[in-house]
Each structure stands twice: as structure tokens, then as C-alpha cells.
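Residue numbers (the numbering used here), protein chains in the order written: chain A, 1 to 109; chain B, 1001 to 1636; chain C, 2001 to 2471.
Bear in mind the hints are in silico, worked out from the structure with no lab data behind them. Don't be surprised by glycine CBs; every beta carbon is placed ideally from N, CA and C. Any given hint could turn out to be false.
As the list claims (entries may be wrong) - Partner residues are not named here, just some residues of chain C that face chain B (Cβ under 7 Å, in silico): (1) K2157; (2) V2165; (3) G2415.
Claimed, not checked - List of simulated lysine-lysine pairs, BS3-like, C-alpha gap at most 25 Å: (4) K1137/B <-> K2434/C; (5) K2278/C <-> K72/A; (6) K2278/C <-> K2223/C; (7) K1137/B <-> K2008/C; (8) K80/A <-> K1222/B.
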Amino acid sequence: MSHEHQDHDSPEYLKKQSLLVWKIGGVLGFCTIATWLVAFHDFGSHGRNITIGLMIAAFKASLVALIFMHLKSERGIIYKFLAFTLVFVTGLFVLTYLHWSDPLKDYLF
Amino acid sequence: MSATAIAHDDLKNTDHAHDHGHKKQSFLWKYIFSTDHKVIGLQYGLTAMVFLLFGFFLMMVMRYSIAFPGKPLPLFGTLLGERWAPGGVVSPDLYNMFGAMHGTIMVFLGIVPLGFAAFGNYIVPLQIGAIDMAFPKLNAWSYWLFFVGGVMMLLSFFMPTGAAQVGWTNYSPLATTVQYLDVKNIFFTGQTQWLVSMIFIISSSLLGAVNFVTTILNLRCKGMTWMRMPFFVWAMLVTGFLLLLAFPPLEVAAILQLFDRVFGSSFFLPTGLVEANQHLDISGGGSPLLYQHLFWFLGHPEVYVLILPAIATVAEVIPCNIRRPLWGHKTMIYAVLVLGFLSFIVWAHHMYLTGMGSVVSTFFQITTVLISVPSVILLTCLMISLWGGSIRFNTAMLFACAFLPMFGIGGLTGLPLAFNMIDLFLHDTYYVIGHFHYVVAPGTIFALFAGIYHWYPKITGRFMSEKLGRVHFWPSLVFMNLLFAPMMIQGMAGFHRRWYDGGKAFEDTTSVSNWFSQGWSHFAGIFGVHVESTMIGLNSLMSFAAWGLAIAQIPFIINLFFSIKGGKKVTCDNPWHATTMEWDTPTPPGHGNFLHEPVAYRNPYEYSVPGAEDDYTPQFLPDGAKVEEKLTRAEH
Amino acid sequence: MEIPYTVKARPDTGLWNAKMGIWLFLASEVMLFGGLFSAYIFLRIGADYPWPVHVLNPWYGFINTLVLIFSSITVLQAWLALKMRKWGMYQIWMVLTIACAGAFMCIKTVEYNDKFHHYGVQLNDGSVLEGHLVNNEYLVKFGEVKTVTLATRLNAKGMLGINLVNPASDAGFLKYLVEGKPEFKDESGNIVTLDSSVVAKLLAEATKNKKPTVKLTAVVPLKFNIEPARLAAYDKGKAAFRDGTEIEGKLEDDTMRLLVDKVDLRRLIPTQEENLGKAVADVNDADAWKVLGPEWKEKYLKHYKEESGKFAKEHDKQVPLKNGDFVREAFTMEISLHENGATAHQVKPEINEKETHKAAESPQHMAPTHAAEGGGHHDHPEIAIEKKDIHFYSNFTPKYNNYFAIYFALTGLHGLHVIGGAIVLSYFLFFGKKMFKENPEHLANRVETGGLFWHFVDLVWIFLFPLLYLM
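Chain A on its own, in the form it takes in the complex (with noise of 0.2 Å):
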């Protein structure tokens, strides 16, 4: 975030820039064909690998996140929006999902 604004816009940031894209495009592309290899490899629960494919996937992600959509040099608002919007879909996920959970069915009945 300590970037100074000319710098990104001078033609030898650009270039490389672009190499980097490409090469970011490759990680990614092997990336996917790690994701499906996974898939089919028995790690001993299905549990397993949903959490190693879902990680990789993770890993595509903040790849795509941080480097595409630059956010790796954006300003520190931006940060703020998104840090609170992880927050309040975490409590979707995790909220929902705990909908039944009752450890005191199962401590009293």
C-alpha cells in the first residue's frame, strides 16, 4: 500500500506487470488440473478431499484476488469493505450450519 501512484504507470511496470500476469495465468492452469487429480485420488475419506480440493480452490483464488484484480497494492479501505463482508458471510455460513447443533439435548436427554 506504500506505492507511490507514478510508478504504476511507467512502461517497464507495465511490461513486467504482463509477464507476471502470464505467468500467474500458469500457476492457475495447473493449479485446475491439480484440483482434479485431487479429486480422484483416494485419501482415505471424502471429507479429506473435499477439504484439500476446497483448499487448493482457496489458494486459486486469493492468486486471482491479489495479483488480477491487483488487490495486493490497493488502498486500505477496500479492505475494510471486504474484511467486513468475510465477517458477515462467515456468520452466514457458520450460523446456518449450526442451526440443530444442541449440546444440551445431549448433556440432559
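Knowing the structure of chain A, use the given hints to seat chains B and C on it.
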């Protein structure tokens, strides 16, 4: 991000603000397809008021059915058609339909557009010293999406099945299976059209919210630092975020329910669902609870979308009319931020009766009780502000003052509902209806009235009539309370919210009485009208209050339209001697708003500053300058 | 009058308006897809039926992932080209991006189309047969139809008696007439030949006289072959269309003819069941064998033995019924004549059927080959299932189960985003020249904004691919 750090290298852009030399626009482009935030604000305001009036009309028909079940409805009875009102008597179907549409129209087409979109659009850019919204075209788009959604919602009354009928919450599975089996085309049913219109309305709100937040963050004028923003702007910022992040899950719910209805999926339909002794031709395996979670994830922040613009308006009206600074401006800002955050994690307190597990239910009880803290802070700050002020009781101030106790009652009656033990008994009773109507009707709507009376001179250059204002205010206050207070009493006696006959069919269980119902019976007896002395007798009290309330709005409507040409003219741009930026504009503000580059020199509520010559020091007044009372006209 | 910070960033927030706007919009998009993903999780965890795993052809998803990643790269290159003020390069990269969007949607269409022709039939005990309909059709056949009753639906009325759409019968049912001419005697004995205008006329008259129905008698008995989706209900002597029209005659045939490619017995096993012996016993009595025949049952038992042997070798300590992969392998079986050799049960199917290939077996087959084009292999046995044995059936559309429902909802909504993004980018491509000349930085900002949205669409797909295709 302090004020001094803002380097204004873009001054040349804002310099154009006073450039009014644009070409003449035709009426159509100036008032219909305008991209000017003020015109769009007015469009929103007028459309929303029409919807409010219509929603109110639906409610009056319902109140007739409750008070006089089985009796033909006067005037409109035969007009509604044999299908819906056989012999002019309101049928249960009609009651359900009006109930569902009353809620939907009031919440999504009435109050949100009026409070957030109309006031926000008109006032926010003026208060932060911006020449327009950040995305004027998007602003027009969001109005027109709202308009199309609203019109579709109204047209759904004319589907062969009538409009949606399962309540404004539209719970599945009923919402999926109603108007489903015996219709020619499932798309052209009221229930499906409800979903389609909601998708339009939600999209409109999302675009609006993006626009508001961007405008507030990026278009503040020179010197308008975070803490110099009036509370109104802060509340709109928070409301914008609520809409932005809470509406999408409802959009998901609407889309999935649309799938269920149109494509026959079972997102919200459990396995083995039977209707009319028939297994439905569905795969099942879905969950009605999923719908409720997605709906209430919006539903609760939506409550704050309804109330925050109201509190915000009151927070502008009160300091101006007590000639004192708003007490605890910063505290209120932090409170509203906390309120916004918490409002996202309280939603399942609407769902205690679904049999949720103790973990979630405990969590939601705690957060629900917690959220009352910032609400009380807001209300307390407003009340303390009154202390020691020299209050100017104009109509706006009357409404603002009435807002405080009304919102207080609405809020405090909500506290018991936060606990699931109590909620088990009060859920879906009239107690709940009374509670949230106290928040929304005498709460929000009074505050919005206050806003209309307060900003009318800026918008039109004339005052609204104070006499008619009082004729509007006092009966409204009385009737509002007669309408909603008995609901709490009935609710605690166990009256269910969806009885179309007001409990006649359950007379055995509703034949309790107390001093209140007996009192009403005696009072009616004086006029020779027989009213049961039991709780059910209160129905007629509330219904008469509702119709009285309708009559009390007539002076307002007259006032609103006749004052445009017939009201007392303002003599300066700042007739209330207020301090915020919107009073720095010509009256009415022209395209581009300000005649010179707006600068905020100080905090927003500098009233009665010790040592100052006048009892107000506007934000836009340079240090050492004198308050100048003049009337500038925009280029009209 | 110009709005500030449309091109240059505001110093204290560091953002120009559109960038802040698009990030806010993306935050709301995160909530939108977050809501959908949480629905996915909620439905999957709460599913009281075996959640389909590995049922989609991953090649579609894989290629689409690569297409989207490539388009993300090209849109960035387009933006960088604008930053370097190279209009020609910008155009090339942008055209490529939009072409990618087109390719993505084409692949999607092929994939969707596949699903529309693949059916699943759940029998009364819960066993499921999957396959294609013979001739791609399932018809309810009515013969000796003598009476047709048109409904005016007087009572279906909107508010104030206004109807924006007509609820009454229309002439749609005539589409299913296969034998005989639509000549009828009306109640007063006149002969009428029905078409849409005559139907409308008759109903208008009846409405005027406040009659709920118009009864017509066929001059010669008629035959109807009707798609069941058009019917609200039917029994042995009567069929009611959704528009209220009723025909009376004799139900001749409502047997479904299916080219079975898979049998799935997992629904027979109770969710909490741990006793493998009991599960196998249940599966032994499945209704599926009544329609498929004993040869397939034997083949299945052999298949089961192989699978359970394999499982025992690899996981000796696990409870087999708790392992979803095992259950999936052992209690379902692909049915193909080609592999197993033809049996006596086979009936030569008619032309026009489509074949499917499981991804794992023949990944090189991207699109289903149409029998009309490729001649077709008749790989799958044709069976007849009586209506009374069917509990539920559907093609692989949202109706079939919530997996396909959420699949269509997620990918459909994602597809709409792709289309929307492509339209916006096309606008920047075709109408950007003027802005490029006047204020190239503004255009670059716009493309960056559109690009951010485009990357987000890509990002969503990155999660959709494993969630829907692989796990």
C-alpha cells in the same frame, strides 16, 4: 485522513459546480429521466408516498374485516369483485392477499424508498457538499428499476390468481405450493410475480447502496472530515452498507424460490410434502429453514434500514430547533456503527419457534440483547440533547419530539421478544405486530414527516402551513396510539396476527377481558353502540383509530401540494437558521447545487457557541465571517 | 458540471469513484454467492438422499476453467495495452476476452442440453434407474376420446375483476391430437371444428352466459399423445390439462420406455444403517430387479462382490457403510450392453436415441453424439416401467434433486454474470475509441473496473468447478 491532509488537486473540476450554462432540457429529460440527485430524490419520495398511501388503504380494508367480520365492506366492497369479496364481504383470501401486500408495499416500496432513497438522495450530497451523486446515471437506473419492480408488484393484483398471499415474509413451503396446482401458467401468478418484482427492487437497492457509499466516501467537499459529517450522513452510510451486504441473501432466497416455483426444484421443500392429501410431484430433500435463514439475514438489517434514516432525520431536526449542539455526536456515530455491525448477527431471533438448537438460540439471544445498547444510546443522546434547550415547536419539531417516546415504546417492547422463553408465547401474536408497528409507524413515519416539514422550504422555497401541520400532528399522534397500543394487550391475550375475522372463530379463547376492553365497551355504549367488553371488542377501537388516522392525513396531503404555490415564501436560504451544508445552497438548489465551492469549516452542530454573535455558526461559514441572511435563487 | 474523482484518485481514500463503486458492488456479489454457497452447504449437509458426487463430466468444467483463466489474462493485457496507449493491442486482447466469454457460454449450452435429455426414475421402494427415454419422449396416450370439456375458469379473477392474463382453456391441447380431426358437436348440436379462434369464441360465449364449462362431443373418437408436464392430473378415463381443459376417453398407455445406463440402490439403505448384511439384503429385494430382470441382478451382485473385496483390501478397519465412496461404488452400477455382452432382455431401441458416456470411461467424448449423425451404438437395454411403479421421475433439471437444482442455480447465475460482463466489455471495445482519444486514462479506468468484475466472475468459477464437478 484528517482534513488538513486532503490535497485538493481536483479543484478545477469542482469549479464547474456553479456553471449553470448548460442547455435547456425538455420537461421529460428534466423531471422524468433526470440524473440530478434532487429530482431523483423527489421521484423516489413521491412514488414512495403513493405506495405508502396504497399500503395504508389495504390495511384499512383488513381492519374492516377484523372489526366487522362477515359484514359487507362499504363503498369498495362490490368494486373488489365477486371472486375476492362475495357480496362485498372481505373473503379470507382477500385478507391474506392484502396482508401480504400491505407488508411488502410498506417495507420495500414505501418506507425504504422514502427514508433512505428519497431523503438520502436529496440531502446527502447537499450535506457533504457534493455537486451530485458519484454515479448519476446509476442513480436514475436504480430509481427506474425500483419503479418497474413496484409497478409489477401492483400489476400482480390483476393476475387471475390475485397477488401474493402468504405474508410479507413469503415463507416456503406455502409460498411455493400456493397458486401452484390449478393454474395455467405458473409464471403469471401473484406469488411468482412477487418474486420477480422483488428481484427488481433488490437490484435497485443494491445499485443505490453502491452509489450512496461511494458518494459519501469519495465526494465529500473540502474540509468535510469524517467527524464533521452530520449524523444524518453517517446513518445513511451505515444504511448503505446494510443494504449492500444484507440484500443479496434475500436475492438468493428469491431466486431459489423462483426456481422452486417455475422449475419445480425443492430448495425449500422437505421430503414427503403433502398438500390437499396429495403427494406433490417434487423430489423433496430441501429445507424450509434455509429460506428463513436467507430471508431473515436480510430481514433484520432491514429493520435498521427502516429506522436509521428516521433517527438520522430526527437528529437533524432536533438540534436545529433546540438551538443546542447534538449531545454526543461522536457517541452516536460509534453507536450507529456498532448497531450496523450487530444488526447482521441477530437475524435468527425471528426463528426461535423453528426448534433451533440451544447454541444458536443462545447466541442470538445474546446479540439481540446487545443490540439494544446502541439503540438506547442513540435515543438517549437525542433525549439528553433536549435538556436545557430553548425549543422551537414547529411542526417538524413536534413530529421529532413525538418520535422519541414512540420509538422508545417500540424498542422497549421488543426486548421481551429477544428472549426465546417469552417469544414462544408471543410469537406471531398481535404483540409482535404492535411492537414493530410502534417502531415503524409512529416511529419512522413520524420522523419522515418531521423531515418533510423540515426540508420542504429548501426544496420548494416555501414553508408548509403550520396550522395544517398541527391539525395533522395531534390527531395522528392520538390515533397512532389508539391503533397500536391495544395490539399489545390483545397480543398478550394470545390473539394471532393472521386471523381474518379478528378472532371471532376463536371466541371461546378470546373472550377474556380487562379494564381496557371494558372501558372501551362503556365508552362506545355512551354513543349507543354495542361493543363486546372482551378483548375482541378492542378490534373496533383499533379499526376506528385506523380510519381516523387516514382522515388525519388529509391535511398533510393538502398541505404538501398547496404549499408549493400557496405556502409562505422563505426570505433567506437558511430559514431555520440551521448549521449544516445543505442550507448553503440556493433555494431551491439548482443543477450542481452550490454557487461557490463548498467548504466545511467546522463541526456540523455549532449552535449557541459561547462568544458567537448569532446562536448558530454554520459549517460553511468561514472563520470570522458573519452570518449572512440572503435569498439566492437557482437559475429556474 | 463534472463530478470529481472520476479519473484521478481522491487523495485521502486513494480511489477513484468507479473503483470504489465496483469494489462495493463486488462485496455485495460476495454476499450473493456467499448466500448461494451457504445454501449449497446447508442442502448438502441436510440431504436425506445420497448427494450426487462425480456425476458431471469434469471435462466441461475443466475446459471452462481454463477458458475463464485465459480470459482473465487477456482482459488484463487489454488494460495494460491501454495503459501503454496501444489501441490496436487493446482491441486484439479485448476481442479475445469476449470470444472466451462466447466459448464459455457455448460449452455451457452443450452441457446443459445434455442434462435435459438424461432422466432418472425413482421406483416406489427408492431404487433409481437412470437413462434416456426411447425417442426422447414419454407420452401419456389416450384413445377413444369422445368428450372434451373446455373451462372458462370464471372464478379465476384478479382484483376488481381484471385479468391481465387469460386463465381459461386455450387450444393448446390440440397439439397433442394424433388421430382424427378436431370436429365436435357442441351442446346445441352444431358441428364445430376447433382451433384457437373457435375455442376463444366458444369460451367468450360461455363466459357471457356465466357457464363454467363448454362440453363438446367428438364426431369421431380421437387419440391423444400428451406430454405429462402439460397435465395437471389424469386417471384411467380422464385427463385434465393445466389450463383446465378435460378430455374423457380411455387411458391406453402410460408406460415409460427407458434405455437404462445406471442403477442406483443407495436410497434403499437407511441413513444410519451400519449393518452391511442388512443393506445387501435390502438391495437384493429392490424393485429395480423387477423391471430390469434377474440377469442384471446377478451382474450387480458380482459387481458388488468385486467392490467390497477391493474395499476390504484397502480399508480393513473402516465401517464400509460410513465410507461414501464405497457406498457410491458398491451400490450403484453402470449398465451397458457393450461391456457386459448382450442379453436376452435387450430390445432394439428405435432411432434417434442419444447415448451418454461417463466421463471417467471416455473423457475424449465432449459432446453427446447424436444418433442421427453418428449412427449410434445401442449400448443400453431398453426397459418398460409401468406408471404405478414410478414414484418420481425427472430429467436432470432442477426438479430432479437439489444437487442439480443448486448446480443450475449457481452456474446459471454465474452464466448471467458472464453475459453481463461480456456486454460491458463489448461496450468498452466498440464504443471506446472516442474516449480513448479524449481521455485514455478514463477508458483504462473503465476497463480496469470491468476487468475487476470479470476476475470476480472467474474467481467464483474457481470454487464452482471443484464444488460441483469434483466433490
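Each hint, compared with the structure:
1. Interface restraint check for K2157/C: the shortest CB-CB distance to chain B comes to about 4 Å, inside 7 Å, so the restraint holds.
2. Given the 7 Å rule on beta carbons, the hint for V2165/C holds: about 4 Å separates it from the nearest Cβ of chain B.
3. Hint status for G2415/C relative to chain B: violated, with the closest Cβ pair at about 13 Å, above 7 Å.
4. Restraint check for K1137/B and K2434/C: satisfied, since their Cα atoms lie roughly 19 Å apart, inside the 25 Å limit.
5. Proximity of K2278/C to K72/A is assessed by CA-CA distance (about 57 Å); at most 25 Å being required, the pair is judged violated.
6. A threshold of 25 Å between alpha carbons decides the hint, and for K2278/C with K2223/C the separation of about 48 Å lies outside it, so the pair is violated.
7. This hinted pair checks out: K1137/B and K2008/C have alpha carbons roughly 19 Å apart, not beyond 25 Å.
8. At most 25 Å may separate the alpha-carbon atoms for a hinted pair to count; K80/A and K1222/B meet this at roughly 23 Å.
Against the hints set out earlier in the document, violations occur for numbers 3, 5 and 6.
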